[in-house]
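Student: If you want the building blocks of each chain, they are given just below.
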Amino acid sequence: MAIEYEFQSGDGKYAVTVERSGNGFRVTVDGRAMEVDLVAAEPGCYSFLADGEATDVVVVRDGSRRYVALEGYSLTLEEGGGEGQRAAAAVEDVVAGVQTIRAPMPGKVVKIAVAAGEAVEKGRKVVVVEAIKMEHLLVAAGPGTVKKITCQEGQNVDADQPLAEVEVEGG
Amino acid sequence: MFSKLLIANRGEIACRVIRACRELGVRAVAVYSEADRAALHVARADEAYCIGPAPPLESYLNIERLIETAKQAACEAVHPGYGFLAENAAFADACAEADLVFVGPSGDTLRLAGDKLGARRTMAAAGIPIIPGMSTGAGDAKDVPAEAEKLGYPVIVKAAGGGGGKGMRIVRDEGELAECLEAARREALGAFGDDTVYLEKYVERPRHVEFQILADGHGNVVHLFERECSIQRRHQKIVEESPSPALDAKLRKKMGEAAIAVARAVGYTNAGTIEFLLDEDKNFYFLEVNARVQVEHPVTEIVTGVDIVKTQLAIAAGERLPFAQKDVSQRGHAVECRIYAEDPAADFLPSAGKILFLREPRGPGVRLDGGIYAGYDVPVYYDPILAKLITWGSSREEARRRMAEALREYVIIGIGTTIPFLRDVVDHPAFAAGDTNTAFVADYFDGWREEVPEGLMEKALAVAAVAELAAGPAERYSDGDRAAAPTPWQTVGPWEVGRGA
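Quick note, the sequences are listed as chains V and E, same order. If you use my numbering, the first sequence corresponds to residues 1 to 171, in order. If you use my numbering, the second sequence corresponds to residues 172 to 672, in order.
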């Protein structure tokens with residue numbers, strides 16, 4: 001199963017997808033896929049291999065922040081996504097095969113990732129709501145079809161406000 | 172040799188002195204402020220005593236408390252390190268009165284070295300080249316604009332009472348003179364309690380070249396050659412090296428002899444540094460005496476093989492210098508980079524906080540003098556120096572490349588440091604060419620921002636995401652379920668003695 005992450009660094013926002021692939025992982029960064037292998041050494045230190053190219057990296061996690069040091073540079077990333085996915089699960093609401101995606105708390109719709117009528121996989125990001133400086137990824141509860149979108153990008157929303165509906169197969 | 176010594180300092184220099192003490196079998200007594208209980212020098216010492224609250228005036232600058240602590244702990248000597256009370260004549264006097272040996276020159280020498288105008292007069296009398304300028308304070312001069320005119324603009328206003336860039340103003344023409352004098356006087360009064368300022372000819376784009384000297388109490392004075400410290404920001408050094416790429420054997424000999432003459436002129440004892448400016452035509456001028464061990468002493472230790480801190484203790488204990496000038500030579504080249512807790516992209520503002528991760532570089536020709544550890548909380552109260560990274564090479568280029576690599580290996584996470592800035596300095600073509608002067612940072616690094624190479628962000632993102640799922644070495648062979656990770660005994664598997672894994 002693929003896991004999606006969203007990271008911010010400075011003004012840049014990045015979507016990263018990871019799935020296991022053989023002994024390693026297939027990572028997609030902003031649409032570009034690569035086969036990589038990462039092994040933890042001493043705490044914080046990792047050996048990273050991508051197509052045979054070896055990089056010695058340090059990753060330190062501090063709350064939602066990741067510090068990544070490699071090749072003499074130190075980059076700071078803010079994660080907004082992994083945490084949000086868990087938050088999204090709590091407000092998933094599937095009734096009679098229809099999942100109503102609701103805002104987990106008052107915030108702002110920063111992204112609508114799908115269109116009405118679009119087929120979606122389980123875990124596919126549907127709407128992203130930003131609240132308390134954190135992005136919440138609201139995802140499809142199962143494979144199915146987007147029935148309707150009831151919000152707009154940039155719109156301020158209240159807690160529990162319906163944002164989209166997804167018809168879930170076999171739900 | 173002493174049996175017990177108090178170190179009136181903190182951080183990396185306190186750790187450095189502790190090492191010297193341990194090698195000599197001297198018990199090292201550390202002191203610490205209430206903010207420094209967890210500091211590395213406290214853990215490394217043989218004994219440690221709290222000397223008061225965090226603000227330096229109430230702890231590391233509290234002469235009475237330091238003397239009292241040294242006496243109570245039955246110390247015979249006090250090493251002041253650099254900064255704090257290192258060049259404070261009153262502290263040297265107080266040590267002498269309390270029958271403690273001050274590891275440094277006498278109070279009288281410190282007073283003379285600290286008085287810039289007095290030092291200028293002494294040097295002029297001894298025949299040492301000084302920068303053209305006034306020999307008395309500007310307040311006593313009848314016609315300051317005429318003096319400035321005589322020197323020729325640009326001129327520099329300096330405070331008689333101190334250094335560190337305070338009370339200093341560059342004056343480009345007569346229109347700016349009155350205002351600069353006033354500003355320098357105010358700043359000097361605030362910083363040194365003395366508003367005496369004077370004018371000197373301003374030397375454009377000089378190199379900063381200094382000579383390390385050692386003087387024992389038996390009249391022997393030797394120099395350990397030069398260090399070039401031209402790479403400075405806000406009048407503070409950040410990269411130093413030895414030898415200087417600007418000196419040839421003839422000039423080196425001449426400057427070394429001048430340095431010894433300076434030391435003799437002020438009756439210097441112990442380790443000290445004679446600073447010179449070297450202009451674009453290779454004329455050198457006496458700048459000042461630094462009457463202490465310098466931050467950058469390791470580059471000299473590495474190229475000469477002399478342990479300066481241990482020699483300081485030997486001299487203070489009354490021993491003779493164990494070598495003469497003819498016994499000292501320079502071997503290879505050393506470069507030092509100062510690692511400060513500062514944000515180089517924000518005008519080098521201090522950056523205090525917790526060090527979340529630390530990896531220090533190693534390898535051939537790499538030395539690290541540090542005062543930090545992973546998990547250490549860098550306090551806001553003191554000089555933000557964290558460590559000094561020094562590399563040696565058989566040539567300047569080898570030392571420089573080793574430095575570039577060592578800086579790449581160096582990881583400090585959690586606080587901003589000068590590491591990325593230093594990496595770019597060491598990589599700069601002008602630095603690689605040895606084409607350095609005190610305007611280097613202003614010329615090439617004004618408004619510096621770190622530029623991350625193409626593709627690095629994508630790699631970092633991939634790493635950050637995968638690190639969440641990545642297995643440790645043992646788990647590699649399991650199904651990836653951490654809870655079910657096998658013990659090493661279960662994973663030994665096909666490994667056989669003598670065959671390798």
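Quick caveat, the hints were computed from the structure, so don't treat them as lab data. One should not assume that every hint holds.
Claimed, not checked - FRET-style restraints, in silico, Cβ to Cβ:
1. E568/E <-> S47/V: 24 to 34 Å
2. E42/V <-> K525/E: 17 to 27 Å
3. P416/E <-> R26/V: 43 to 53 Å
Unchecked claim - To be clear about the criterion: a stretch of chain E counts as covered by chain V if any three or more of its residues have a C-beta under 8 Å from a C-beta of chain V, and this derived list gives those stretches:
4. 601–611
5. 621–632
Stated by the list, open to error - Among the chain E residues that face chain V by a calculated CB cut under 8 Å, a handful are:
6. L232
7. I234
8. R236
9. I238
10. K242
11. A244
12. A245
13. A636
14. V637
15. L640
All values reported here derive from a predicted model rather than from experimental measurement. Yeah, the Cβ is synthetic: ideal placement off N, Cα and C, and Gly gets one too.
Student: Hint by hint, say whether it matches the structure.
Tutor: Okay, the hints, checked on the actual structure:
1. E568/E and S47/V have their C-beta atoms about 30 Å apart, which keeps the hinted 24 to 34 Å range intact.
2. A beta carbon spacing of about 19 Å between E42/V and K525/E agrees with the range 17 to 27 Å that was offered as a hint.
3. The given range of 43 to 53 Å is respected by P416/E and R26/V, whose C-beta atoms sit roughly 51 Å from each other.
4. Judged by the Cβ-Cβ criterion of 8 Å, the segment 601–611 of chain E is not covered by chain V as claimed, because only 0 of its residues qualify and three are needed.
5. Here the segment 621–632 of chain E counts 9 residues with a CB under 8 Å from a CB of chain V, which clears the bar of 3, and the coverage holds.
6. Using the Cβ-Cβ criterion of 8 Å, the hint placing L232/E at the interface with chain V is not satisfied: the shortest such distance is roughly 35 Å.
7. Nearest Cβ of chain V to the Cβ of I234/E: about 41 Å, over the 8 Å cut. The hint is violated.
8. With a least beta-carbon distance of about 38 Å to chain V, the hint placing R236/E at the interface is violated under the 8 Å criterion.
9. Below 8 Å, beta-carbon pairs count as interface contacts, and I238/E has none with chain V, the closest being about 43 Å; its hint is therefore violated.
10. Interface restraint check: K242/E against chain V, minimum CB-CB distance 45 Å, threshold 8 Å, status violated.
11. Interface hint status for A244/E: violated, as the beta-carbon distance to the closest one in chain V is roughly 38 Å, over 8 Å.
12. The beta carbon of A245/E comes no nearer than 42 Å to any beta carbon in chain V, farther than 8 Å, and the hint placing it at the interface is violated.
13. Below 8 Å, beta-carbon pairs count as interface contacts, and A636/E has one with chain V at about 4 Å; its hint therefore holds.
14. With its C-beta approaching chain V no nearer than about 5 Å, V637/E sits inside the 8 Å limit, and its interface hint holds.
15. The interface hint given for L640/E is met, as the beta carbon of that residue sits about 6 Å from the closest beta carbon of chain V, less than 8 Å.
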